[in-house]
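Which chain is which? The protein sequence lines are A and B, in order. For what it's worth, our numbering labels the leading residue of the first sequence as 1, then goes sequentially. For what it's worth, our numbering labels the leading residue of the second sequence as 1, then goes sequentially.
It is worth saying that the hints were derived from the structure and are not from the lab. If you're wondering where the values come from, they're calculated on a predicted model, not measured in any experiment. Among the hints, erroneous ones may be present.
Label pairs and their computed distance ranges (CB to CB) [claimed, not checked]: (1) G113/A - F102/B: 27 to 33 Å; (2) R35/B - T73/A: 50 to 56 Å; (3) H127/A - M59/B: 43 to 49 Å; (4) F102/B - Y122/A: 42 to 48 Å; (5) L11/B - R114/A: 17 to 23 Å; (6) Y37/A - F102/B: 25 to 31 Å.
Where is the CB? At the ideal position from N, CA and C, for every residue including glycine.
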Amino acid sequence: MTIQIPAATPHPTPPRISRRLGLRGWVYAGRYPAERYLYILHRISGLGLILYLPIHVWVTGRRVAGPEVWDQTMAVLKHPVLVVGEFLVLAAFIFHAFNGIRLVLAHLGYTIGRPGHPVYPYPVALHRQRPLTVVLMMLVAVFLAVGAWEFMIR
Amino acid sequence: MRESRLWSLHLISACALIVLLGLHMMIMHYESVLRWLGATGGPALAFASVVARDRDAVMRALYALLLGFALYHGLYGARGILREVWSSPRAARLIDGASAVFGVAVFIYGVVVIVWAGRHAGTM
Numbered sequence: 001m002t003i004q005i006p007a008a009t010p011h012p013t014p015p016r017i018s019r020r021l022g023l024r025g026w027v028y029a030g031r032y033p034a035e036r037y038l039y040i041l042h043r044i045s046g047l048g049l050i051l052y053l054p055i056h057v058w059v060t061g062r063r064v065a066g067p068e069v070w071d072q073t074m075a076v077l078k079h080p081v082l083v084v085g086e087f088l089v090l091a092a093f094i095f096h097a098f099n100g101i102r103l104v105l106a107h108l109g110y111t112i113g114r115p116g117h118p119v120y121p122y123p124v125a126l127h128r129q130r131p132l133t134v135v136l137m138m139l140v141a142v143f144l145a146v147g148a149w150e151f152m153i154r
Numbered sequence: 001m002r003e004s005r006l007w008s009l010h011l012i013s014a015c016a017l018i019v020l021l022g023l024h025m026m027i028m029h030y031e032s033v034l035r036w037l038g039a040t041g042g043p044a045l046a047f048a049s050v051v052a053r054d055r056d057a058v059m060r061a062l063y064a065l066l067l068g069f070a071l072y073h074g075l076y077g078a079r080g081i082l083r084e085v086w087s088s089p090r091a092a093r094l095i096d097g098a099s100a101v102f103g104v105a106v107f108i109y110g111v112v113v114i115v116w117a118g119r120h121a122g123t124m
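So here's chain B without its partners, still in its complex pose:
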């Protein structure tokens, strides 16, 4: 039951990532296409643009969601591949534990950066 729930969350995160990560990639790597579609604003990687996104609460929430879904989806997939290569019960527990600890650590770091940047946007 637990594995089927984890797998369902893997599919849900995949669908969420198609939208969230797709938008992120469009903003970062398809600037000309977005300008042709009528988008305005400076270069995505200019510090002023980064600060503007940090000020927007909706963008901060979307970044946190993107990070959470990406970490879960990626680490669940990597966990599956690693458990195929090392399939003993002890290796499975190690892989599961390491994936969970690593994912939580990176998520906490990312959210702290998002919150801190949001609070100090414009004062840096």
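Next comes chain A alone, as it looks inside the complex:
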């Protein structure tokens, strides 16, 4: 008596699922600590600054056309929407600079502590750096407040 072993059925090909989150990953993809959102804001402020820079170079280059053209350009820049935009550029720089200080220090290995054994409660570099993060964000708030006051008294 021979035993018929049925031929193995081929596994069905799994559907191609892209696990890349793309820009959705900038918003939420699980347990994001606060520092993750600071990093996303760092990217957004950086993109804003690099998009602003060529326009700024062109506008400031208008001074070669003489004082009348310069004064006209400055008058255009006094439009409320553009004043708000200018404040946003200042805010982007303040945040990007102070958060960048945090990132440079972390990249060079400072303020994040030494590697430790994975013994509960597990040491986490973000937690070690959190006091510095809080201080830097407070400095951002102070500079933003003073900058906003300067814009209002202009």
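Based on the hints, put chain B in the right spot on chain A.
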């Protein structure tokens, strides 16, 4: 090796920008604070003040450095973000090339303006 050098230059430009761009922002947007600290001079955006800065060779050099560091740091960062979104080798070459061409073009324009303004400051 090339990428690690580019990244190191990104960090160096970041440190330089904290100083240079920080000074630029203080002069442009924190005039009251500077006056309280004892600084003198007219409004930063008045044409006379702009011409005075254009006449100073040190200020012209600092502006050129600021422009160079800002363009490099910004375009390197934007290049990284764009290469994450479009990650094929062809897209990477396009992004790198476009960033380099754009950065060099804006830098040349900015330096030409700085040099021209320095030569003609006070005669405009």
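When the hints from earlier in the document are held up against this structure, which numbers fail? 1, 2
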